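Go by the hints and put chain X onto chain W.
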Amino acid sequence: MAGNNPKAGFVDRLSDFVVTLICWVYFIFAFLFFFSFFYIAAFLFCKDRERAFQYIDHLFLKGFLWLLRVLAPRHKWEIDSEICTISGSIIVCNHLSYLDPLIFISLWSRQKTIVKTKFFHVPVFGWFIKVSGYLPSTTEGVHAKRMIEQVESMGEFLENGGNLFVFPEGTRNPDGDLGDFYKGVFKIGRMYRCPIHVLHLCNTDKLFTPGTFFFNTRVHNRIRMKIIGCTRSATGKERASAKELEKEVLQIFESHSGYEKKAC
Amino acid sequence: MTRDELQEKIVVILVDEFEFENPGFTDNLRDDHGFDSIDAIELLAKIEEILGFQISRKEKEKAMSIRTINDILDYIETIQAAHKS
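From first to last, the protein sequence lines stand for chains W and X. Note that this note's numbering has the first sequence beginning at 1, numbered continuously upward. Note that this note's numbering has the second sequence beginning at 1001, numbered continuously upward.
If we strip away everything but chain W, and leave its shape as in the complex, we get:
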């Protein structure tokens, strides 16, 4: 066991360090020497910058996750193949790790999410999420304009096959028990009467544990993502209330929680 053998423990930690370093190298150098040219071209020449940026984000992170899978083979990935075919939908999921949004972006070429407003102020990253059309979580100051633009254009985005993915708990929650939901996503569902797919994700926190800097490549782990349900009330002729949608999503999560805990 690595815990009893200092040499094995050192090798394990070295493995985590090297994998994390390679991933950072990909992030920085693939961006600087490859993807940045596409971002610049998209910014200068594409009529629909938002769509182009989402597509490049998707490819960039697809490459990142491919690399991570190769470098951390003890983590097996099982992502429901049907998930990639979802389009024109709101998607809600539990949130375990900072890896989760990256996985979602890698799944669909047209996707948006709601991002904590403070991230819009981060240099470079903030600019990218603005151009990619992500929604701020609040409307103070300059963000009111962005929120209005994004919410008003959401209907067209969904009609054209885009997906809005949201972690309704608003923050990472690796405990397994669901926290309170933010209501915004259900209000958007009410407004545009689109289906809400409910996904369950497990064990991404074992690969990238909250509060740590390095990937944990040492554990044998199974990362799973599956569709556990879809709301019915939003897609009928009758308008569903945000409360009804929230209740329906909560029921879907709760009806699967026992099974999922065992399966994870």
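Just so you know, these hints were derived from the structure itself, not from any lab. Keep in mind the model is a prediction, meaning the values are calculated, not measured. For each residue, glycine too, the CB sits at the ideal point set by N, CA and C.
Pairwise CB distance ranges (calculated):
| hint | chain 1 | residue 1 | chain 2 | residue 2 | range |
| --- | --- | --- | --- | --- | --- |
| 1 | X | D1016 | W | K116 | 29 to 35 Å |
| 2 | W | F119 | X | T1026 | 33 to 39 Å |
| 3 | X | D1016 | W | G88 | 23 to 29 Å |
| 4 | W | E149 | X | R1003 | 28 to 34 Å |
Simulated coverage check for chain W against chain X, where a stretch passes if three residues somewhere in it have a Cβ under 8 Å from a Cβ of chain X:
| hint | region |
| --- | --- |
| 5 | 145 to 157 |
| 6 | 241 to 255 |
Frame of chain W, contents of chain X only:
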């Protein structure tokens, strides 16, 4: 449209579409009824239908600071007056 007529329409919309229960004119919309910016954007679309004209983006941004039903009515009267002039 008079303020009373507007008031009646807005209250009906808030109850039917935004799940308000017994709204008071000075209630804090966010604290008392969970009314947030996404609701405000949806309400603005309803107000446009009532008024029969589009509200400009700048005027919509001002609506994000609305706190009470009375504020909504004041806001509508202001944009109505601006539109007429």
